[in-house]
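Given the coordinates of chain S, assemble chain G onto it according to the supplied hints.
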Amino acid sequence: MLLPRLQPPLRTAVKAIGRSSQQACLNEAFGALAIRGGGPSISPASLTFVRHASHAQQGAVNKAKDGPGKRLGAKKSGEQYVIPGNIIFRQRGTHWFPGDNCGMGRDHTIYATEAGYVKYYKDPERHPKRQYIGVTFERSQVLPLPRNSMRRRKLNMFAQKMETAPIEAPRPDLFLATDGSQAVVIKETPVEQKPLKLKSGYMYRKSNWEIGRAAERAKIQVKEFKPRDRWAAWKKTIKRRAANREKRVVGGKKTKKKGRKSMSRTT
Amino acid sequence: MSTCQKAARPLTRCLQTPQGSQLSARSIRTFTSSPRSNEEEAAVESTKQPRVWDPLTVTSKKGEKALMKSGVMPIGSRRRRMAIQTSDNIPFEQLPYQCFQEGLTVLKEDRAEKIKLIQTERLRISNLQALDPSKLKGGEQVKHTRLESMRRHLEYLKIQADRNDPNIKKRFEDGDGDMNKPIYRFLADEQWRKYQRRQIVQRINQLGIVPDVLAHFEPSAEVRLAFRSRQVEHGGFIDSRVSEVPLRLKVQVFDKGERLVSIVVVDSDVPLVDSDKFTSRCHFLAMNVPLSPTTTSIPLSQLSLEQITLPWLPPFAQKGSPYHRYSVFVCEQTAGKIDTSTLQSLSRDDFFLRSFKDKHSLKPVGMSIFRSEWDEGTAGVMARAGIEGADVEFRRKKVVALKPKQKARGWEARHSSAKYRQLWRGKKPFALKR
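Going line by line, the protein sequences match chains S and G. One point on numbering: in our numbering, the residue at position 96 of the first sequence is 96, and numbering is uninterrupted. To get our numbering, take the position in the second sequence, counting from 1, and add 1000.
The set of hints was computed from the structure by calculation and includes no laboratory data. You may find that some hints are simply not true.
Here are some of the chain G residues that sit facing chain S, going by a computed Cβ distance under 7 Å [to be verified]: (1) R1203; (2) L1207; (3) P1211; (4) D1276; (5) F1394.
In silico BS3-like pairs for lysine-lysine, Cα to Cα no more than 25 Å straight-line [said to hold, decoys possible]: (6) G:K1277 to S:K154; (7) S:K75 to G:K1407; (8) G:K1181 to G:K1256; (9) G:K1194 to G:K1116; (10) G:K1194 to G:K1135; (11) G:K1337 to S:K161; (12) S:K161 to G:K1277; (13) G:K1158 to G:K1116; (14) G:K1108 to G:K1061; (15) G:K1114 to G:K1169; (16) S:K154 to G:K1158; (17) G:K1114 to G:K1250; (18) G:K1398 to S:K75; (19) S:K75 to G:K1405; (20) G:K1397 to S:K154; (21) G:K1181 to G:K1116; (22) G:K1250 to G:K1337; (23) S:K154 to G:K1256; (24) S:K154 to G:K1116; (25) G:K1363 to S:K161; (26) G:K1357 to G:K1337; (27) G:K1403 to S:K75; (28) S:K70 to G:K1403; (29) S:K161 to G:K1158.
Bear in mind the structure is a predicted one, so any value in this text is a computation, not a measurement. Don't be surprised by glycine CBs; every beta carbon is placed ideally from N, CA and C.
With the rest of the complex left out, here is chain S (with noise of 0.2 Å):
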């Protein structure tokens, strides 16, 4: 870094400032130099800038980058027994392709999906340039398969018999192969037979849907809402008065009862 060096005469003028030290920043001291204009002239040639040899930064700055290394390169080896899952290769970018029974992550590294052994090949048929991992069933079997031939699949499952019957709920929709005239009947099984479910709260309860399909069952009624029928309004009002009153009635004698304030008749 070259640093401008002042030449004699300012800097005793610089020192004068620093002694009476009126102004509280050195650069309104030097601002007021300028304006003052006495002194010695500040030309930017009395400014001189020095380069020393060597400097903290020269270490750091002008390095090779070089952090810890990623432990990249080839898991296992080849004609290694992998299952699937098992990382084989991990990479920058795609130095292998993954190939038959393999995959690729999203780092490109190359991942088995079957249980097998891994094989390194090229296959100048699938691309003229690249190489690729694969994983086969058999030890002696070769990368790449020959053209065409039929893709070697293992099913890796077992049969087992079902618990309960499978149970096909008719559908009235489709057509039955044997007789389209007879039409399909759904019964349902009523409401209050239906075993408790477990839901979540580990509580036993009947479905929110069913509870609030109760009333539909109940075959209950109920009158349409009519915004400004201020007639059905008030009957509503002289039903629930009544009720409220019979309520409060039964409810107990304890009960202090609010007395109806009457409209007393100006005559």
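Here is chain G on its own, set in the frame of chain S:
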């Protein structure tokens, strides 16, 4: 204009308007002693005949409703019908636009040239056919190749002659093209190759039909599937109850002539638990089915019993098994009619199309695919078809980990061996008195 003129303006206007001419003889009664009702009745009767609506020109909603009620649908959009109704209906090629007519003249001249070329080519072919092969340098082989080449060129010229005709283009686009004519076959093939063929090739590659079922396959005929009225997308999943009935095929070939085809439906994902593999099964096989560019519809349920070698087995997939791919292949019988009596003992299981087609010299020309998974109706379908195994469920085998189980950690784990039996909980160490 004076005030009186202004005042009388409505009246004068009324008198000036030709409303008088619109008045019918009915309303203007001349002096007569007979009652008015007689005339009115006659008038009403004459208008009682039902109005006939033309499906090409009907525009009113009332007319459309009346037509649809009678069972006839109006043709085209309302705008089109209005245009036909109000225009002069000049045939397309006679439209009076100068550039258009000049263009048509140029095309007509070109067509005339091509027809001349077709005639000369035909003459050349007949001359070459009549020629003795010994007179040619190369003999029969050269004559044959030359004839083939000339025939190909003739077909090319036929198409070039008709290609620019706007009426042919219109007829093809309306679906009225006669597939016995080469130009319509050519246009249909071109349209198929633009999109639908690309789609089926994509599905073949994606679903791995080519390496698994056949080594090589290039579609040259369009195949469309449907179950009853439900169209099937290439590679789409079909409910087991829907595919319980036999397929309906729609096959369009683009080369002329009638030929005999075989139809094969193969399931290439039948699981085998014992050998931990997959095998193939044939769900349908029909042979000696006639097919031509004009006969496109093949309902499999309506084929004769002689043609059907293996009747329709409903597709089914057991619970937990991966999806099954069903490939429907239409194969040309290059050796002519096949004697189906030799195929009576053919088994459905372990059916491989690769060997079957080589044995009977079949050439696959078109195919389509659909897939099937386990659903609620599969059990019923299997029961009705008499197939066992509806209550079988496939479950994944547990993969044994290569890594040994992690060692137990902690003080308890480290001090649980016999070496530390003094420290075992609940047991006091027996201290020997020395």
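Report the numbers of all earlier hints that the structure fails to satisfy, in ascending order.
-> Result: hints 1, 2, 9, 10, 11, 14, 16, 17, 23, 24, 25, 29 break, sorted rising.
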